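Participant: Residue-level listing of the chains:
Number of protein chains: 2
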Amino acid sequence: MRIHVHQQSLAAALQQVQRAVSAHSTMPILGGIKLTADTDSLRLIATNQEIAVETYLAADSDTLSIEMPGSIVLPARYFVELVRKLPDPWVHLTVQQPYSVQITSAQAAFLLHGFDPEEFPRLPQIASDQPFLIHSDNLKDAIRQTVVAIAAEETRPVLTGLCMKFDADSITFIGTDSHRLASRKLFLQGGPEGASEIAVVPGKSIHELARLLPEDDTPVTMTIADNTLLVSSDTTRFFTRLLEGQYPDTSKIIPTTFKTRIHIRRDPFASALERALLIAREMQNQVVRLQLQSDRIELSAHSHDVGRVSEQVPLDQFSGDALTLAFNGKYMLDAVRSFDGEQLTVDFTGTMSPMILRPTDGQEYLHLVLPVRTV
Amino acid sequence: MRIHVHQQSLAAALQQVQRAVSAHSTMPILGGIKLTADTDSLRLIATNQEIAVETYLAADSDTLSIEMPGSIVLPARYFVELVRKLPDPWVHLTVQQPYSVQITSAQAAFLLHGFDPEEFPRLPQIASDQPFLIHSDNLKDAIRQTVVAIAAEETRPVLTGLCMKFDADSITFIGTDSHRLASRKLFLQGGPEGASEIAVVPGKSIHELARLLPEDDTPVTMTIADNTLLVSSDTTRFFTRLLEGQYPDTSKIIPTTFKTRIHIRRDPFASALERALLIAREMQNQVVRLQLQSDRIELSAHSHDVGRVSEQVPLDQFSGDALTLAFNGKYMLDAVRSFDGEQLTVDFTGTMSPMILRPTDGQEYLHLVLPVRTV
Numbered sequence: 115m116r117i118h119v120h121q122q123s124l125a126a127a128l129q130q131v132q133r134a135v136s137a138h139s140t141m142p143i144l145g146g147i148k149l150t151a152d153t154d155s156l157r158l159i160a161t162n163q164e165i166a167v168e169t170y171l172a173a174d175s176d177t178l179s180i181e182m183p184g185s186i187v188l189p190a191r192y193f194v195e196l197v198r199k200l201p202d203p204w205v206h207l208t209v210q211q212p213y214s215v216q217i218t219s220a221q222a223a224f225l226l227h228g229f230d231p232e233e234f235p236r237l238p239q240i241a242s243d244q245p246f247l248i249h250s251d252n253l254k255d256a257i258r259q260t261v262v263a264i265a266a267e268e269t270r271p272v273l274t275g276l277c278m279k280f281d282a283d284s285i286t287f288i289g290t291d292s293h294r295l296a297s298r299k300l301f302l303q304g305g306p307e308g309a310s311e312i313a314v315v316p317g318k319s320i321h322e323l324a325r326l327l328p329e330d331d332t333p334v335t336m337t338i339a340d341n342t343l344l345v346s347s348d349t350t351r352f353f354t355r356l357l358e359g360q361y362p363d364t365s366k367i368i369p370t371t372f373k374t375r376i377h378i379r380r381d382p383f384a385s386a387l388e389r390a391l392l393i394a395r396e397m398q399n400q401v402v403r404l405q406l407q408s409d410r411i412e413l414s415a416h417s418h419d420v421g422r423v424s425e426q427v428p429l430d431q432f433s434g435d436a437l438t439l440a441f442n443g444k445y446m447l448d449a450v451r452s453f454d455g456e457q458l459t460v461d462f463t464g465t466m467s468p469m470i471l472r473p474t475d476g477q478e479y480l481h482l483v484l485p486v487r488t489v
Numbered sequence: 115m116r117i118h119v120h121q122q123s124l125a126a127a128l129q130q131v132q133r134a135v136s137a138h139s140t141m142p143i144l145g146g147i148k149l150t151a152d153t154d155s156l157r158l159i160a161t162n163q164e165i166a167v168e169t170y171l172a173a174d175s176d177t178l179s180i181e182m183p184g185s186i187v188l189p190a191r192y193f194v195e196l197v198r199k200l201p202d203p204w205v206h207l208t209v210q211q212p213y214s215v216q217i218t219s220a221q222a223a224f225l226l227h228g229f230d231p232e233e234f235p236r237l238p239q240i241a242s243d244q245p246f247l248i249h250s251d252n253l254k255d256a257i258r259q260t261v262v263a264i265a266a267e268e269t270r271p272v273l274t275g276l277c278m279k280f281d282a283d284s285i286t287f288i289g290t291d292s293h294r295l296a297s298r299k300l301f302l303q304g305g306p307e308g309a310s311e312i313a314v315v316p317g318k319s320i321h322e323l324a325r326l327l328p329e330d331d332t333p334v335t336m337t338i339a340d341n342t343l344l345v346s347s348d349t350t351r352f353f354t355r356l357l358e359g360q361y362p363d364t365s366k367i368i369p370t371t372f373k374t375r376i377h378i379r380r381d382p383f384a385s386a387l388e389r390a391l392l393i394a395r396e397m398q399n400q401v402v403r404l405q406l407q408s409d410r411i412e413l414s415a416h417s418h419d420v421g422r423v424s425e426q427v428p429l430d431q432f433s434g435d436a437l438t439l440a441f442n443g444k445y446m447l448d449a450v451r452s453f454d455g456e457q458l459t460v461d462f463t464g465t466m467s468p469m470i471l472r473p474t475d476g477q478e479y480l481h482l483v484l485p486v487r488t489v
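These protein sequence lines map, in sequence, to chains A and B.
Numbers 115 to 489, taken from the numbering used here, label the letters of the first sequence in order.
Numbers 115 to 489, taken from the numbering used here, label the letters of the second sequence in order.
Treat each hint with caution, since some may be false.
Each pair may be met inside one copy or between any two copies, as identical chains are not told apart.
Said to hold, decoys possible - No farther apart than 20 Å at their CA atoms in a straight line, the calculated lysine to aspartate or glutamate pairs in the EDC-like style are these:
id, residue 1, residue 2
1, 199, 430
2, 366, 478
3, 444, 195
4, 199, 388
5, 254, 329
6, 279, 181
7, 254, 448
8, 199, 363
9, 199, 448
10, 373, 409
11, 366, 409
12, 318, 348
13, 279, 251
14, 199, 412
15, 366, 388
Quick caveat, the hints were computed from the structure, so don't treat them as lab data.
Here the structure is a predicted model, which is why all the values come from computation and not from measurement.
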């Protein structure tokens, strides 16, 4: 293999794949990035056996020229930083047998030891003839809005993942840790007719996917096969293993009636919750108490050791009964922050029944937070 | 105590003192900040018994109004973040006996528990009738340029500090870990006649002092008394305990003749060192080899496991003998980066004798790096 590649393009491609590198594996080769030069492209792959990322650079005179095809695995720990620190816009890579590469750029010359590319794990072969089609920024948004509610603890492993329910025309994203739930429905650009599939993506993987997705309308396809989710764009493929186990049916726990409904502006509500949490975060369950009145709410928190706080927040609209209840302030703040609009609708069904937060302008999106019992 | 204070002014003052707060002391009160309101000012003090920082806010209609003098100690962990998160530009503080404070700002009302201000440690009483006078930015520069060479390890405790030699017209800053040395002389705006004092400031303290000093020509005074250094500006006083023990006489180890002298541009030299360190950092002593020729130097490093690197850097000027030696690349890079100018002069005295780096334009500033022996 002998190639000439633009430093910034190579550095950008390495940045894409490097988060899939296994930093502390007992298999040193998983700490590497596999480079494969074909006659017209350079492919980079990294995998930690849980996720894999593959990205392509097409040969063209501005960014990449392939003099001789070939392949090698290079240790990410050195190669990524080295490429970033090279002095010249052009980098020349020449593989030397067995398994090392000569890297030159202006006056700097490196020889870096690598690994046999034949030893590198293969990516799953996934046929994606009927994928689900979506825009990158929409997918990224839906993940961000729901991943916050997934479980951090392993008590019920399936809840540590984000559930995606694929239908022919939509994907519904659900995250829940059994104290709160976030649900977002996203309509597809296209999907296979009559489709009905469920994928539960591990929390770590979904964070990496969100990081990788560009913040624009790049078309992205999603395919599920062999307990693996594949998310592809023109230049990048992201693979993740899925969680096994039955995801709970959450459709029945979302109340359809309410006793009290308020409209409240997002930012003042979030700021007041942040202040209440300064005190509440010291307490088990981070308990914040909420008093609902006709034109305002009062948030309060109390800690024997630290002190107490109370604050009133005006309401834009109120209907139904006055009510007092308590909730985990952190869960409520996570929910409130996840909304984009200026105003929220919050429905209350009773002191020990779920609260439902929705954007007032009615996207297919909601957060459910359970109250907590206080003495 | 009852005061009304502008949120940003209070937050800025808290930021000044909070780094002196003791986060993990067995004495909870040291995790606090003492507020003292006199008739015309608010004083904030924090100390971890090693350093202390005191800052003043003068009463004036735009930032501070004192309704009733008084004093309290408030836990930094809550108070600092709370002030930062308050909704209104104005904060109202009312001390309630015993030892708590009511904090209100717009609709938000806190009660925060504190400590008896009488229990807070007193600051040392240091008379500063004949202080050393200096500009803040100069002091900050001199610290930055020399602190890099102090010892990280406690083998010889006095070397973990930065040595300041005060004379009537100058301060000389010296840092050394016995493998390298940095020395910088700073001429004073004023100092006591016939003065000759030495202060060795602990490494942690000197970093905090540098952080606190503004990047401008604010006048600053320095006073040494009772094994304490006091650095004062109009609004802030910084106290630090000094290290005990005899600081070594370093004047004799700086060579006065040389065999080879080069002039080299700082940035290309620093970048080439960074690249060599990518390989060298894996090796004990981070060994980088240097070959001196008439118009260029060659830097190289080698690691059996990782690979090797070599790079040539052009010289602006060369006089004396060709030479090959090796050094700790990290020490050399620290030294090179500490210079501000475009060009450095490096003097060589032999393969096992010190290298001396100076700015070519000849400030009172040098770095000494000892070569390392290689096989």
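Participant: Hints first: check each against the structure and report whether it holds.
Facilitator: Verification of the hints:
no.: 1; hint: 199 with 430; result: neither (54 Å within a copy, 23 Å between copies)
no.: 2; hint: 366 with 478; result: within (17 Å within a copy, 77 Å between copies)
no.: 3; hint: 444 with 195; result: between (38 Å within a copy, 16 Å between copies)
no.: 4; hint: 199 with 388; result: between (41 Å within a copy, 8 Å between copies)
no.: 5; hint: 254 with 329; result: within (7 Å within a copy, 42 Å between copies)
no.: 6; hint: 279 with 181; result: neither (46 Å within a copy, 62 Å between copies)
no.: 7; hint: 254 with 448; result: within (17 Å within a copy, 42 Å between copies)
no.: 8; hint: 199 with 363; result: neither (51 Å within a copy, 39 Å between copies)
no.: 9; hint: 199 with 448; result: between (39 Å within a copy, 17 Å between copies)
no.: 10; hint: 373 with 409; result: within (16 Å within a copy, 85 Å between copies)
no.: 11; hint: 366 with 409; result: neither (32 Å within a copy, 79 Å between copies)
no.: 12; hint: 318 with 348; result: neither (24 Å within a copy, 51 Å between copies)
no.: 13; hint: 279 with 251; result: within (19 Å within a copy, 60 Å between copies)
no.: 14; hint: 199 with 412; result: between (55 Å within a copy, 18 Å between copies)
no.: 15; hint: 366 with 388; result: neither (31 Å within a copy, 60 Å between copies)
Checked against the numbered hints listed earlier, the structure breaks hints 1, 6, 8, 11, 12, 15; every other hint is satisfied.
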